[in-house]
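Colleague: The residues making up each chain are set out below.
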Amino acid sequence: MQKARFIYLDHAATTAVDPRVVEAMLPYFTEAYSNPSSPYRFAERARTALREARAKVAEILGAKPLEIIFTSCGTESDNLALRGVAFASRKRGNHIITTPIEHHAVGHTCEQLEREFGFRVTYVPVDRWGLVDPDDIGRAISPQTVLISVMYANNEIGTIEPIAEIGKIARAKGIPFHTDAVQAGGSLNLRVDELKVDLLALSGHKFYAPKGVGVLYVREGTPLLPMQTGGGQEHHLRAGTENVPYIVGLAKALELAYEGLESEVTRLTALRERLIRGILERIPDAYLTGHPVHRLPNSASFVFAGVEGESILLQLDLAGVAASSGSACTSGAEGPSHVLTAIGLEANLARGSLRLTLGRENTADDVDYVLEVLPGIVRKLREISPIYAARAS
Amino acid sequence: MYSEILIEHFSNPRNVGVIENPDGYGKLSSPVCGDLMEIYIKVEDGRIADIKYRTFGCAAAIASSSIASEMVKGQPLEVAAKLTDEDVAAALGGLPEAKMHCSNLAASALHLALEDYYQKHPEARPKG
Numbered sequence: 001m002q003k004a005r006f007i008y009l010d011h012a013a014t015t016a017v018d019p020r021v022v023e024a025m026l027p028y029f030t031e032a033y034s035n036p037s038s039p040y041r042f043a044e045r046a047r048t049a050l051r052e053a054r055a056k057v058a059e060i061l062g063a064k065p066l067e068i069i070f071t072s073c074g075t076e077s078d079n080l081a082l083r084g085v086a087f088a089s090r091k092r093g094n095h096i097i098t099t100p101i102e103h104h105a106v107g108h109t110c111e112q113l114e115r116e117f118g119f120r121v122t123y124v125p126v127d128r129w130g131l132v133d134p135d136d137i138g139r140a141i142s143p144q145t146v147l148i149s150v151m152y153a154n155n156e157i158g159t160i161e162p163i164a165e166i167g168k169i170a171r172a173k174g175i176p177f178h179t180d181a182v183q184a185g186g187s188l189n190l191r192v193d194e195l196k197v198d199l200l201a202l203s204g205h206k207f208y209a210p211k212g213v214g215v216l217y218v219r220e221g222t223p224l225l226p227m228q229t230g231g232g233q234e235h236h237l238r239a240g241t242e243n244v245p246y247i248v249g250l251a252k253a254l255e256l257a258y259e260g261l262e263s264e265v266t267r268l269t270a271l272r273e274r275l276i277r278g279i280l281e282r283i284p285d286a287y288l289t290g291h292p293v294h295r296l297p298n299s300a301s302f303v304f305a306g307v308e309g310e311s312i313l314l315q316l317d318l319a320g321v322a323a324s325s326g327s328a329c330t331s332g333a334e335g336p337s338h339v340l341t342a343i344g345l346e347a348n349l350a351r352g353s354l355r356l357t358l359g360r361e362n363t364a365d366d367v368d369y370v371l372e373v374l375p376g377i378v379r380k381l382r383e384i385s386p387i388y389a390a391r392a393s
Numbered sequence: 394m395y396s397e398i399l400i401e402h403f404s405n406p407r408n409v410g411v412i413e414n415p416d417g418y419g420k421l422s423s424p425v426c427g428d429l430m431e432i433y434i435k436v437e438d439g440r441i442a443d444i445k446y447r448t449f450g451c452a453a454a455i456a457s458s459s460i461a462s463e464m465v466k467g468q469p470l471e472v473a474a475k476l477t478d479e480d481v482a483a484a485l486g487g488l489p490e491a492k493m494h495c496s497n498l499a500a501s502a503l504h505l506a507l508e509d510y511y512q513k514h515p516e517a518r519p520k521g
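Chains as they are written, first to last, in this note's numbering: chain C, 1 to 393; chain B, 394 to 521.
Keep in mind that the hints were calculated from the coordinates and are not lab data. There may be inaccurate statements among the hints.
[Claimed, not checked] Calculated cross-link-like contacts (lysine to aspartate or glutamate; reagent style DMTMM-like; alpha-carbon spacing at most 25 Å):
hint : chain 1 : residue 1 : chain 2 : residue 2
1    : C       : 380       : B       : 413
2    : B       : 445       : C       : 383
3    : C       : 64        : C       : 194
4    : B       : 435       : C       : 44
5    : C       : 64        : C       : 44
6    : C       : 380       : B       : 438
7    : B       : 420       : C       : 259
8    : C       : 173       : C       : 193
9    : C       : 196       : C       : 242
10   : C       : 380       : B       : 471
11   : B       : 420       : C       : 383
12   : C       : 91        : C       : 220
13   : B       : 445       : B       : 413
14   : B       : 466       : C       : 365
15   : C       : 211       : C       : 383
16   : B       : 435       : B       : 478
17   : C       : 196       : B       : 463
18   : B       : 420       : B       : 480
19   : C       : 91        : C       : 116
20   : B       : 520       : B       : 471
21   : B       : 513       : B       : 397
22   : C       : 211       : C       : 133
23   : C       : 196       : B       : 413
Hey, can you work out the whole structure from these sequences and the hints?
Modeller: So this is what it looks like as structure tokens:
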């Protein structure tokens, strides 16, 4: 038995800031701290840093700098994309197409647009792996459709959606296409022309930048009503004095992620497969959720029959492992995860979910430790459970 | 979030199991989060001679059923009848408001088991 230590396996929730990112940010707190809009020479360093950060992000996305907006987070980016396009397009139409597995930043915003602002939202169903069929999206398009929003990769089950195929259909009908790429950023190809997207949201703290900074890519020519108005920053699309150190940090973190991408993706995928195979081999009545192949390189998500997610998490915590679950008890929500419900999992099975998401510092030893402790945790909880006993008898 | 007592009862829950031919049986599911408890009691001389349970739920739910079972085992039936969710939560060192439904589940499932017993043994039901 390995000695107890802390193993962080919740990188989909957040990541630590890379020390190289911290180093890049520091001068802009106390040395080059000027407002980038100020006219004097002292502001030049901050202004240059902002311009270079924007150019760096644009380059990774294959976009133009004027198409990159810095925001405070992925949620703000998604809100701006949805509300911005919906309100700018309201005279042309009021129909939005999305999926039932979106993050709440998209889902709850769509619900509000429907409830309070007279929009009509179609949720195109997903299959048992969480995949949406591009043709189903195509069939849902109406003359009133003003926006399509489909996430690039799902945060709970890791499934990667066919974004380029959907983009092709959206483009043929001239409908703006938004993707919440918050979980994809740092792992998957973000080149917007290959993805055929018009709006793309990123969140810094998922790829080793700090919490509190995000990106919204907006293709030139996309109708967008600004939500935050004021001094005209971010091409008049998102007012507010630019958070230079955090923007610098985000650009640095994105650059670091895409520099060594191929080898890191290979490494993470191998660890992920070791984890998935090990868990499915050692624990009976355990099921992988999400697509087995088209899934994020670092994401291993399961449901275990007869046990509840939060109790698994707390036992893992006591064993030194930080992980996540979609259970109601963890999120404080009522009912199991909307994502697990959308892929057709029965309610009690959906309650037994566990998500393990690997990161830069995780090793094969970390994976092996989880494989050592998790089976016993699940077995003990099943001994207490009335539901597992019912299945066994 | 959780007290040491709660973590102890969650990690080493007491009285887990079933009783064949129980004198009282209570099964309850929480509408809030889907947690489920099954409680079995054996009654002798007006006391809970034995109590066992099974719980599907979060740490607070498991700990609530464990500590509730300890609080009533060997006690007169009236003690079990008077047990409330607040008693259970207090015994656990307090519960966050969002988790009070777990202690409520334990107390209510126990009351259901008692009620089951009284239905089978109406003469044992207290008057008034």
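Colleague: Take the hints in turn and mark each one as holding or not.
Modeller: Comparing the hints with the structure gives:
1. Taking the CA atoms of residue 380(C) and residue 413(B), the gap is near 21 Å; set against the 25 Å cutoff, the hint holds.
2. For a cut-off of 25 Å, the pair hint linking residue 445(B) to residue 383(C) stands: about 13 Å separates their Cα positions.
3. Note on residue 64(C) and residue 194(C): the hinted pairing holds, with a Cα-Cα distance of about 15 Å set against a maximum of 25 Å.
4. Annotation: proposed proximity of residue 435(B) to residue 44(C) is violated, straight-line Cα distance about 81 Å (limit 25 Å).
5. For the given pair, residue 64(C) sits about 22 Å from residue 44(C) by alpha-carbon distance, which is consistent with the 25 Å threshold.
6. A C-alpha spacing of about 34 Å is found between residue 380(C) and residue 438(B), which places the hinted pair above 25 Å, so the restraint is violated.
7. At most 25 Å may separate the alpha-carbon atoms for a hinted pair to count; residue 420(B) and residue 259(C) exceed this at roughly 57 Å.
8. With a C-alpha separation of about 16 Å, the suggested pair residue 173(C) and residue 193(C) falls inside the 25 Å cut-off, and the hint holds.
9. Taking the CA atoms of residue 196(C) and residue 242(C), the gap is near 28 Å; set against the 25 Å cutoff, the hint is violated.
10. With a CA separation close to 33 Å, the supplied pair residue 380(C) and residue 471(B) exceeds the 25 Å bound.
11. Under the criterion of a C-alpha separation no larger than 25 Å, the hint pairing residue 420(B) with residue 383(C) is consistent with the structure, at around 17 Å.
12. With a C-alpha separation of about 20 Å, the suggested pair residue 91(C) and residue 220(C) falls inside the 25 Å cut-off, and the hint holds.
13. With a C-alpha separation of about 10 Å, the suggested pair residue 445(B) and residue 413(B) falls inside the 25 Å cut-off, and the hint holds.
14. For the hint linking residue 466(B) to residue 365(C), the alpha-carbon distance of about 44 Å lies beyond 25 Å, and the restraint is violated.
15. A C-alpha spacing of about 40 Å is found between residue 211(C) and residue 383(C), which places the hinted pair above 25 Å, so the restraint is violated.
16. Between residue 435(B) and residue 478(B) the alpha-carbon distance is near 22 Å, which keeps this suggested pair within the 25 Å criterion.
17. Restraint check for residue 196(C) and residue 463(B): not satisfied, since their Cα atoms lie roughly 62 Å apart, outside the 25 Å limit.
18. For the hint linking residue 420(B) to residue 480(B), the alpha-carbon distance of about 20 Å falls within 25 Å, and the restraint holds.
19. Between residue 91(C) and residue 116(C) the alpha-carbon distance is near 16 Å, which keeps this suggested pair within the 25 Å criterion.
20. Proposed proximity of residue 520(B) and residue 471(B) is supported: the alpha carbons are some 12 Å apart, at most 25 Å.
21. Our distance criterion of 25 Å between C-alpha atoms is broken by residue 513(B) and residue 397(B), whose separation comes to about 39 Å.
22. Restraint check for residue 211(C) and residue 133(C): the C-alpha separation of about 33 Å exceeds 25 Å, so the hint is violated.
23. For the hint linking residue 196(C) to residue 413(B), the alpha-carbon distance of about 64 Å lies beyond 25 Å, and the restraint is violated.
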